[in-house]
Amino acid sequence: AKNAPEARMVLEEGEKYLEAVHVCKERISDPEMRQKIEKLENITGKIFDEVKKRPESASGLRKFMSYYLPTTLKLLNAYADLSEREEIGDNIREAKKEISESLTGINQAFEKLFDSLFEDVSWDISSDISVMKTMMAHDGLSEDDLIVQEKTVE
224 AKNAPEARMV
234 LEEGEKYLEA
244 VHVCKERISD
254 PEMRQKIEKL
264 ENITGKIFDE
274 VKKRPESASG
284 LRKFMSYYLP
294 TTLKLLNAYA
304 DLSEREEIGD
314 NIREAKKEIS
324 ESLTGINQAF
334 EKLFDSLFED
344 VSWDISSDIS
354 VMKTMMAHDG
364 LSEDDLIVQE
374 KTVE
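Under the numbering used here, the first residue of the sequence shown is numbered 224, with each subsequent residue one higher.
Don't take every hint at face value.
With a cut-off of at most 30 Å between alpha-carbon atoms, the simulated DSBU-like pairs for lysine-lysine come out as follows [what the hints assert, rightly or not]:
1. K248 to K276
2. K239 to K335
3. K319 to K286
4. K297 to K239
5. K356 to K319
6. K275 to K262
7. K262 to K356
8. K269 to K286
9. K239 to K275
10. K239 to K276
11. K276 to K286
With beta-carbon atoms standing in for the labels, derived distance ranges [what the hints assert, rightly or not]:
12. A332 to I311: 24 to 32 Å
13. G363 to S325: 19 to 27 Å
14. D313 to R277: 41 to 49 Å
15. M355 to K297: 43 to 51 Å
Just so you know, the hints here were simulated from the structure itself, not pulled from any lab data.
Please read these numbers as outputs of a predicted model, since none were measured by experiment.
Virtual Cβ for every residue (Gly too), placed ideally from N, Cα, C.
Take the sequences, apply the hints, and build the full model.
Below, the structure written as structure tokens:
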């Protein structure tokens, strides 16, 4: 398949990314932040699973791979670095809070991205159903036709 090289690259990079996120998570003790990171790992893993199943979906992940993932990892590393500091002032607390809050939005965005991978599939299914309904109506097999036939039999 022509998408195979791109899909392979996405999966290799993705595996490295997930490993780096996991290492980062191990450095963080805050339970709420760890939970958000686990959600991130989960949704990102689902995106890569979809690339395994449908290599053509890799082409829709260019910005995800080149910008969103590296930037997210950079934020997580910054959070881990700040968490490991002995001295904690307002600036550190505020920066950690900002990163934590942004991770909620990042997770939502990644879930939307995952869902968008199914747009083509969903469109194909809707189109198949529409064609089938039209053919059934044409052949007198649709629900509306059956109701009309029942009423005329009475």
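query: Is K262 within 30 Å of K356, Cα to Cα?
result: Between K262 and K356 the Cα gap is close to 40 Å, so the pair fails against 30 Å, i.e. violated.
message: Given a hint of 41 to 49 Å, does the C-beta separation of D313 and R277 actually sit inside it?
response: Since the Cβ atoms of D313 and R277 sit about 47 Å apart, the hinted range of 41 to 49 Å holds.
- request: Can you let me know if the beta-carbon spacing of A332 and I311 is within 24 to 32 Å?
  value: holds (29 Å)
query: Has the given pair, K248 with K276, been kept, meaning a C-alpha gap of at most 30 Å?
result: Between K248 and K276 the Cα gap is close to 27 Å, so the pair holds against 30 Å.
- prompt: Hey, K275 versus K262, does the alpha-carbon distance stay inside 30 Å?
  reply: Roughly 20 Å separates the two Cα atoms, so the pair holds.
task: Below or equal to 30 Å on CA atoms is what counts here, so check K239 against K335.
output: holds (22 Å)
Consistency of beta-carbon spacing, K297 to M355, with hint 43 to 51 Å: holds (49 Å)
task: Mind checking the alpha carbons of K269 and K286 for me, to see if they're no more than 30 Å apart?
output: The given pair, whose Cα atoms are some 17 Å apart, holds under the 30 Å limit.
message: Would the hint linking K319 and K286 be met if the CA-CA limit is 30 Å?
response: This hinted pair holds, its Cα atoms lying about 25 Å apart.
Distance restraint between K276 and K286, which requires alpha-carbon spacing of 30 Å or less: Satisfied, since the Cα-Cα distance of roughly 20 Å is no more than 30 Å.
task: Starting from K297, check that the Cα of K239 is at most 30 Å away, please.
output: holds (14 Å)
- request: Assess, step by step, whether the Cα of K239 is no farther than 30 Å from the Cα of K275, and give holds or violated.
  value: Holds - the C-alpha atoms of K275 and K239 are around 16 Å apart, at most 30 Å.
Against the hints set out earlier in the document, violations occur for numbers 5, 7 and 13.
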